[in-house]
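Construct the entire structure; sequences and hints are all you get.
Those protein sequence lines, which keep their order, are chains V and C.
Under this note's numbering, think of the first position of the first sequence as 1, with each following residue one higher.
Under this note's numbering, think of the first position of the second sequence as 1, with each following residue one higher.
Simulated from the structure, these hints should not be mistaken for laboratory data.
Each statement offered as a hint is correct.
Because identical chains cannot be distinguished in the list, a pair is counted as satisfied if it fits within a single copy or across any two copies.
Pairs of lysine-lysine, DSSO-like flavour, derived with a Cα cap of 27 angstroms:
(1) K93 with K154
(2) K366 with K405
(3) K93 with K219
(4) K36 with K173
(5) K278 with K263
(6) K411 with K366
(7) K263 with K219
(8) K411 with K323
(9) K323 with K405
Protein chains: 2
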Amino acid sequence: MLYSLKIALGQMDVIPGRPDLNAGTMLDMMARARQKKVQMIIFPEMAIPGYLLGDTWEQRAFLRDCQEYGRQIVESSGDLCVLFGNVGLDWNKTGDDGRVRKYNSFFVAQNGRLLGEDNFPYPFRIKTLHPNYREFDDTRHFYSLRKLSMDLGKSVGDLLQPVNLNVDGKALKLGCILCEDGWSDDYNLEPAKIINKNGPVDLFVNISSSPFTLGKNNKRNRVFSRQVRDSGIPLIYVNNVGIQNNGKTIYTFDGYSTVYNGKGEIVHYCEPFQQDLKILYLNQTGGLNNAKPVEVPDDSGIASIYQALIYGISKFVSFADIKRVVVGISGGIDSAVSACLYTRVLGSENVLLVNMPSIYNSRTTKDLAARLAGNLGCLYTVMPIQDSVDHTVDQITNNAVTNLKDGQQLKLTASSFVLENIQARDRSARLLAALAAAFGGGFTCNANKSEMTVGYSTLYGDLAGFLAALADLWKHQVYALAGFLNEQVYGHEVIPRDVINLVPSAELSFEQSVDKGKGDPVIYPYHDYLFRAFMEHWDRATPEEILDWYCRGVLEDKLGCRPGLVKKLFSCPAEFISDLERWWKLYTGMAVAKRIQAPPVLAVSRRAYGFDHREAQNGAYFTARYHLLKRRLLEPGSVG
Amino acid sequence: MLYSLKIALGQMDVIPGRPDLNAGTMLDMMARARQKKVQMIIFPEMAIPGYLLGDTWEQRAFLRDCQEYGRQIVESSGDLCVLFGNVGLDWNKTGDDGRVRKYNSFFVAQNGRLLGEDNFPYPFRIKTLHPNYREFDDTRHFYSLRKLSMDLGKSVGDLLQPVNLNVDGKALKLGCILCEDGWSDDYNLEPAKIINKNGPVDLFVNISSSPFTLGKNNKRNRVFSRQVRDSGIPLIYVNNVGIQNNGKTIYTFDGYSTVYNGKGEIVHYCEPFQQDLKILYLNQTGGLNNAKPVEVPDDSGIASIYQALIYGISKFVSFADIKRVVVGISGGIDSAVSACLYTRVLGSENVLLVNMPSIYNSRTTKDLAARLAGNLGCLYTVMPIQDSVDHTVDQITNNAVTNLKDGQQLKLTASSFVLENIQARDRSARLLAALAAAFGGGFTCNANKSEMTVGYSTLYGDLAGFLAALADLWKHQVYALAGFLNEQVYGHEVIPRDVINLVPSAELSFEQSVDKGKGDPVIYPYHDYLFRAFMEHWDRATPEEILDWYCRGVLEDKLGCRPGLVKKLFSCPAEFISDLERWWKLYTGMAVAKRIQAPPVLAVSRRAYGFDHREAQNGAYFTARYHLLKRRLLEPGSVG
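Next up, the structure:
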């Protein structure tokens, strides 16, 4: 049939766990749409409850509320056709956990009632494919259409029916897609194709709650455009904005709601990271009146990282009611970038920068910290830690310990390693935490992903803070962000060039003197990429793959780091192996223990620490083939 | 058919993530069984890889190793029939995440080859029901028989076939059950019944990797005995021992492998928490020669908690290579119990107890700490924190902060709340952490579950440590454990009675003076049970249910606390409501933020913090009906 629709994309800021507030946003958008004579309004997946709620899904009282607020939306629909996501409930059935049956559902309401029950067991549509990778936990809470079809003794194909609509007297077959159902490449069935076969469909609508991942929007546009070209049927994608979290990992949602015409061209998209009620006239081929295809910005670069971080930080501090922060600045790159980001979000008058030198901190970095603070115009103070560190060392080494079995006394000693960690904890758990409390705010964790990966940080020390905003960025991305801040955000050198050029160092001993060009044991231009292979590669690389690539001379290519680097860094296979084993042991050993107690991580990459990368504290493992490759390589006479 | 079998139950200590070590244990047990002319040996579910591995399942090199070690077991089987769990791989297919297809599988090997391919697509059996509640994450990694049946266009019933065995010339139909497949009450199909219908089966074998939960063994025996009575077919249950973890939550595995005869009676069980190769003669009805049914100890009492904690702590310190620990002892109950447990595990010479008084600590508690240390005969020292706390307060309040925009100077002030947290952090992050490093060990977190629930603890303070061994015990369970330690473990008063009788207090201000009978704001005899309803009830209680129960006068009954308590504690509904809202806001608010950075929790209850109880940092929510009930209750003239 031929149609022409005035539609509204309800790219709303969904507040997780707040059906009351979300229903309020929806009713408000519906009222505005009605004034503009809109015929159909589309809200995201799980618009009412929010999506990432942990085990709040086990609270029956919460579920009843979601149902009730959903009912209010339906009741208020009038002649506006309202499409929205909510939890669908069947109080008479149970899920596989024995609790009340919950479906991740797509509701279509009009004239005060729900549509779609003419060809489906429920007055709502149900998600078929449940993502259960990365941060997603759909299978834990929701019953899928696949399971329902088995219960009913039907095929999935019998159940995947379009919803029959009538808009201003015109019949319309709607293909209702929930997020993952549009990403079916890895599954054994393609819901959209099946619905269309049971149609054909006039319009596909994909409602999603899809967290931002660097470059994901580019990929979605490729995947969805291709699908639309195949079917020839226009598609509207509506995603929410806001932030949601799984405790340890905090996700931003970019929205980027998009309209694809029947040729698979993008004719409209909503600005990312903004609540937006966009009203459009859609013709029968999915085109907009007089509208040409539009170009969508690339979302895989440093500008997107900056945008996601600023959005994530500002939403998170607003949620947590944190209006002021303390940032410990060392003169190094991570704390400098962190200071800039928080200053952008909260304003310089609400950011207290503090430099906390010990005897190991150089004049160089102390001056750089002061210059950065001056450039930002924040509140600033210098609070040395040496007296306190000396006191702690004195207390633990000069106080006798008594063995109460035999009355013997003993004294403890503090090695240089012990001393390094005392400094780090003194700064964070003693000073920053107290300062933040006195200042009436929180203090930040400035750790980056390279440090997080191998635990090159001190627990209760530099790994402490209310949020680890940079902990999903490799060190080279932190440098890129520093450049972006100076060049694009500020337009002048706010982060002193010398901070960027400085050798990265913790300055916890004279062995780490920046003035002598000494610093971190992590060689970022190589290790960033090695760690990324462990952590972010789809099929996780282990020492076995790394050594195999090394032997075959394809390592730099596989890792994506600079050619020639490996030969320059390691003079022989033994050195290479020793380095590899050192970091693998840390990554799967002590670093896991540290990450368990690390602050929440703001996610930007395709794999962030926390709930996205689930890990057990099991220690390092080297496969049998790794040992074989290693033996061969280290055998006298072998070729390295 | 009639049979008589000499079988071995391989209740092994499975080391998660170590297929090399686990295969070694299995080969050793197989050799011992062969010497004893055993015909069939049974190992647990996931005996080769371990079960709780996080996303290590995404490492192809690790999977290849599991397959190779499994092959070695098969190769070594000889005339011994070897039953074991491992990951089953189909390298030509993918799972729903697009990675290589993995099945949680049951392997039956004999004469160097795998059995069962005559009536199944693979030479191994596949788990049908995938637990995805509590700590379980099966659906994330493994492809279920339900999904496989849909792929093949078959019914689950077609695929659930017995494995046909031949032992010493006698044919035997084996019902192979993987853990959850024996717990099918909440699912829409019963694998064991279906296999039997496709048989009938001569013997059921359930291989499991089932973590200890207080009282779970009792429940399993009820459930399995009933099933066996229904079918009339004997059942052997084999579970592993050891510890495994999901990062934040550490589980002990009690083993408790059990033989049920055809009447559903238990004729044998292995001792819990011990690696054991038990060799038995099983006759055709599942009876043992001359064996009468045995009584299985109740596992829901304080003795089981003690056993699980000692086992868990000793396995965890051994894994982490922690030979010595520092325990901060305050003179209170939690640190006293913690000190006892670690002393039992490590020996008094490896436990350093330290009392760290400020001016707020009473003579009473300082003396109690010293008495406890004396009773235990540990290493002991007293290290006051007042000087350091004073220094910190001086540093943050007397150092000027400069506003670099206008050059103005300001000074911060430290409230009593700020001061309380400074003390807690000074003890843990400054002193205990430094002491532990100098002592060459770790320091313990002594927090209990009541504190964890509402965040009544300081981050980087008393919430720090390498393990929170008591964090799955409500305060009343900590008291019970103290009594058990004195009465059953030591047989005399090691924890001074005055520690048990003391009012619980953090002693962080004069407002919390134990000598004046003042202390914690948590009233454990009531709040323990309120918090348990939020946290452990199957259908989570929220303020709505609590208020409803309060109105209906059934609250104490529903919570399981002492009758009459609520009326005594709250003189009117307004007081009750204010208390309820206070704790709910903390439980779903600040306490979540604290738990994200808390140490790993040793699980004993049916719901532990961490991966078992997944939570988002979303803040408190009160349902519409809660607000309604509250309004009604607070209306003038309403009956409370």
